[in-house]
Each structure stands twice: as C-alpha cells, then as structure tokens.
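> Residue numbers for the sequence shown follow the numbering used here, so the first one is 1 and each next one is one higher.
Just so you know, the hints here were simulated from the structure itself, not pulled from any lab data. Just so it is clear, the structure is predicted and the values come from calculations on it, not from any experiment. Where hints are given, some of them may not hold.
Pairwise CB distance ranges (calculated) [as the list claims (entries may be wrong)]: (1) Gly147 - Ala58: 14 to 20 angstroms; (2) Ala128 - Ser11: 34 to 40 angstroms; (3) Thr68 - Gln40: 37 to 43 angstroms; (4) Gln73 - Arg143: 21 to 27 angstroms; (5) Arg154 - Ser22: 39 to 45 angstroms; (6) Thr68 - Gly147: 32 to 38 angstroms; (7) Ala18 - Glu151: 23 to 29 angstroms; (8) Gln23 - Ala128: 40 to 46 angstroms; (9) Arg154 - Arg21: 34 to 40 angstroms; (10) Ser24 - Arg94: 31 to 37 angstroms; (11) Ala18 - Pro121: 38 to 44 angstroms; (12) Arg21 - Pro72: 17 to 23 angstroms.
No residue lacks a Cβ here, since even glycine has one placed at the ideal position from N, Cα and C.
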Amino acid sequence: ALLSPPCASLSLQGALSALHRSQSPSCARLCRALIGCLAQGGSAHGESPLLTSLRDPARSRLLEAAMTVMDPQGLRELFRGHFRGHLRGVASHRVANHGLQRLLDHAPEDVVGEVLSELGPALQEPLARGHPGVVVALLGAARRLPGLQGEALRSLFQVGHAPFLGHKPRPFSALGTPLSFLSHAPL
Numbered sequence: 001a002l003l004s005p006p007c008a009s010l011s012l013q014g015a016l017s018a019l020h021r022s023q024s025p026s027c028a029r030l031c032r033a034l035i036g037c038l039a040q041g042g043s044a045h046g047e048s049p050l051l052t053s054l055r056d057p058a059r060s061r062l063l064e065a066a067m068t069v070m071d072p073q074g075l076r077e078l079f080r081g082h083f084r085g086h087l088r089g090v091a092s093h094r095v096a097n098h099g100l101q102r103l104l105d106h107a108p109e110d111v112v113g114e115v116l117s118e119l120g121p122a123l124q125e126p127l128a129r130g131h132p133g134v135v136v137a138l139l140g141a142a143r144r145l146p147g148l149q150g151e152a153l154r155s156l157f158q159v160g161h162a163p164f165l166g167h168k169p170r171p172f173s174a175l176g177t178p179l180s181f182l183s184h185a186p187l
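Using the sequences plus the hints, can you model the full thing?
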C-alpha cells in the first residue's frame, strides 16, 4: 500500500535517507524489504519485475532511493540479478535511465566495470535519445574509481566517432566558416 500513493512513496524515501544518515541497521532491512515488494508483481515479456518498476515513474523513485543507501553487496545482487543484460534498454528509457545513474553513483568497482563493458560500446544510444546523464554518471563513477578511467575514456572517445541514431552528419562545408555569420550582419 505504501508503494503507490505519492505522499507514501515520498515518506518511504525520506525514511530510507534518515535511517542511512543515522547509520541504523534498520536501513538495510528496509532496503531489502522495499526491493522485495518492488520485485513482486507482474512483469512484461518475462523480464524482472524490478526492470518494470524502474520504468514506472513512481516506483522508480523508490528503487532509486534504495540504491542510494544500499550496501555494495546489495547493489551487486540487484545488478546481477535484475539489470545485467538489459542496460541498453534501461539507458535509453526516459525514466529508467535515472535508476541506472543512481546505480553508477553508488556501485562498487566490479559492478561499474560490468556496466561499462556492457554499455560502453553503445553509449551513443542514450545520447541520441537525449539522455546524457547516463554518460555523465558513468564518467563520474570512473572518476571515483581510477582503475576504470582508461576504459571509460575509450568508450567516450568511440562515441565521438559513431553516428548518432536518426541524425545525418553534416559535411564541414555545410557548417560554414566560423565567422560566416558576420558577412550578413549590417554595419
């Protein structure tokens, strides 16, 4: 009942934050209970119910709040049990990409490395769909985890050479010269 109404959802998010700040062991129990509740229910096309929750605007906020306070082992289990293999779709989804950003903000190095391996070659997809936050979160995680910086930069540089979906690259001559706008300006 507390998962649906917006005010109840906000209360749960606040409780998670307060318990985390107080370093209460109840925080981990509430996280696991919340993940358990979100994992129940129907899912589309045989996918994990947590993936369905990640795409739902109200439920995704709860899942994001849980990810911000979850311990490294919990994040590993969440990623490997529910998100691995689905990152391209998650990164390109208008709501779910925010959950991926929270995961990257807090995940341990091994999880971020797996995300980078799966998503790195396809980083142009979320960018083409207007979701640069995924790339920013991935670079933020690489900044936090120096061992992944080289691979993250390689992936980012590959994005610069890949054509964006639905966009045709314009030749340089079509762009005009850097100051061509001045030739049309009145004096």
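> Next, verify each hint and record whether it holds.
Comparing the hints with the structure gives:
no.	hint	in the structure
1	Gly147 - Ala58: 14 to 20 angstroms	violated (36 angstroms)
2	Ala128 - Ser11: 34 to 40 angstroms	holds (37 angstroms)
3	Thr68 - Gln40: 37 to 43 angstroms	violated (22 angstroms)
4	Gln73 - Arg143: 21 to 27 angstroms	holds (23 angstroms)
5	Arg154 - Ser22: 39 to 45 angstroms	holds (41 angstroms)
6	Thr68 - Gly147: 32 to 38 angstroms	violated (23 angstroms)
7	Ala18 - Glu151: 23 to 29 angstroms	violated (37 angstroms)
8	Gln23 - Ala128: 40 to 46 angstroms	holds (42 angstroms)
9	Arg154 - Arg21: 34 to 40 angstroms	holds (37 angstroms)
10	Ser24 - Arg94: 31 to 37 angstroms	holds (34 angstroms)
11	Ala18 - Pro121: 38 to 44 angstroms	holds (40 angstroms)
12	Arg21 - Pro72: 17 to 23 angstroms	holds (18 angstroms)
Violated hints, listed in ascending order, are 1, 3, 6 and 7; each of the other numbered hints is respected by the structure.
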